[in-house]
Structures are given as C-alpha cells and as structure tokens.
Amino acid sequence: ELKVEQNPLFLSMQEGKNYTIYCNYSTTSDRLYWYRQDPGKSLESLFVLLSNGAVKQEGRLMASLDTKARLSTLHITAAVHDLSATYFCAVDEGAQKLVFGQGTRLTINP
Amino acid sequence: GAVVSQHPSWVICKSGTSVKIECRSLDFQATTMFWYRQFPKQSLMLMATSNEGSKATYEQGVEKDKFLINHASLTLSTLTVTSAHPEDSSFYICSARAGWDPTTHRGHTYEQYFGPGTRLTVT
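Protein chains in written order, with the working numbering: chain A, 1 to 110; chain B, 1 to 123.
Treat the hints loosely; a few may be bogus.
[Unchecked claim] List time: in silico BS3-like cross-link candidates among lysine-lysine, alpha-carbon distance up to 25 Å:
# : chain 1 : residue 1 : chain 2 : residue 2
1 : A       : K41       : B       : K14
2 : B       : K55       : A       : K97
3 : A       : K97       : B       : K41
[To be verified] Residues from chain B that face chain A, not an exhaustive set, calculated with beta carbons under 7 Å:
# : residue
4 : T32
5 : S43
6 : L44
7 : I93
8 : Y110
No lab work stands behind these hints: they were computed from the structure. Each residue gets a CB set at the ideal place from its N, CA and C atoms; glycine is no exception.
Using the sequences and the hints given, assemble the complete structure.
Have a look at this one:
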C-alpha cells in the first residue's frame with residue numbers, strides 16, 4: 001500500500017525567508033503532483049513531475065522529483081504573504097489512483 | 001482548457017434526506033472521474049473511481065449503497081448521498097481525467113483536473 005508523508009505538517013515563516021517542504025512516498029512511482037489549497041477552496045494544480053530528476057519552477061516555488069529516493073521537494077524562495085496556504089503532494093499509485101500526503105499548512109508572516 | 005465544475009457549491013439538508021452532487025467536465029471528455037471527501041483540516045480521501053458506462057469502484061470502507069455514483073456520460077458524474085446524517089457533512093471534491101491532454105489534444109495524460117468542491121452540511 002502506497003503511503004505518502006509530508007514534512008513538516010505546519011510551517012510558520014517570515015516573509016523573505018526560504019524553506020522547503022518534503023514529500024516522501026513508500027513505493028515506486030514516477031508521477032507526482034503538487035497542489036495548493038486555500039481555505040474553503042478546492043485544489044489548484046501547481047506542478048506535475050513525471051520523471052526522475054524533473055525540476056519545475058513557477059515564480060517563488062520550485063519542485064523537484066527524485067524517484068530513486070522516493071522524494072519530492074517544494075522549495076519556497078523569498079516567501080511572500082500570498083503564498084500562505086495548504087500544500088499537498090500526491091503520488092500516482094497506478095490504477096489511476098492518487099494518494100495524497102497529509103498536507104503542509106504554510107503561514108507566512110509579515 | 002480542462003475545466004471541471006460541480007453543482008451545487010454548497011448544500012444544507014436535513015438528516016435522513018438524500019442529496020445529489022453533479023460533476024461536469026466542461027471542455028473535455030473524461031474517461032474517468034474520481035470522488036474525494038475532505039474533512040476539516042485533513043487531507044483528501046478517495047471515495048470511488050468511476051468510468052463512463054460502468055459501475056464505480058469504491059475504496060475500502062466507503063459504503064456503496066450510501067454513496068451512489070453514476071457516470072452517465074463522458075462529461076457528467078453524479079454522487080448521491082442517501083439518507084444523509086450529520087457525520088456525512090464534509091467537503092466533496094470531484095476530479096476528471098481525460099485520455100489525452102485536454103489542453104494540447106495530443107498525447108496521453110494521467111493528470112486529474114479538480115472541481116471547485118461541494119460543501120455538504122447535514123443538520
């Protein structure tokens with residue numbers, strides 16, 4: 001059974017700082033997704049990572065995938081308040097199913 | 001492209017009644033649709049997977065007689081919560097997957113496109 005674990009689950013940081021959210025998963029997969037969720041809203045797709053070594057960047061966010069280590073990271077550079085949200089990683093289990101991590105609640109303080 | 005809608009966006013119903021939630025893919029044909037449930041401050045839990053024209057596959061622990069799923073066409077799936085109880089109150093999110101990339105109309109994609117969610121409150 002595929003398990004997906006995020007770390008940390010809660011993160012409070014100051015504007016301008018850098019930080020990384022980690023996503024570990026337990027079985028082989030080469031498709032991993034990052035989503036953002038604002039309170040009361042559904043998921044917004046951030047990144048789709050489809051191969052080992054994949055790196056994608058959008059603004060202050062950068063995601064990477066290491067399938068051999070079964071690890072993905074979401075790096076935040078020079079955080080701004082607008083990035084406050086809950087971030088989920090999800091791994092394709094095969095058979096079309098996504099398994100989600102617990103989510104990381106990110107709060108960015110001025 | 002790749003827009004998924006849900007209706008209603010929120011609903012309040014009395015205990016013991018049934019409520020239907022619709023999920024539509026607006027600009028692509030969805031070979032597969034998924035239904036998730038999310039309790040406050042928790043992650044998304046997959047409830048069931050449905051393919052057009054066939055019976056839904058339910059996850060372990062999800063009562064198929066309580067959560068009826070109908071995937072009647074390539075653009076519409078419905079979730080009916082029967083005899084709802086307060087513990088069914090939750091945020092229900094659907095997603096849809098096309099057999100090909102709905103933005104380029106080429107190539108195969110496994111990506112799921114998520115609807116805006118339906119908040120169900122059972123009183």
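Hint check results:
no. : hint             : result
1   : A:K41 with B:K14 : holds (24 Å)
2   : B:K55 with A:K97 : holds (16 Å)
3   : A:K97 with B:K41 : holds (22 Å)
4   : T32              : holds (6 Å)
5   : S43              : holds (5 Å)
6   : L44              : holds (5 Å)
7   : I93              : holds (5 Å)
8   : Y110             : holds (6 Å)
Of the numbered hints listed earlier, not one is contradicted by the structure.
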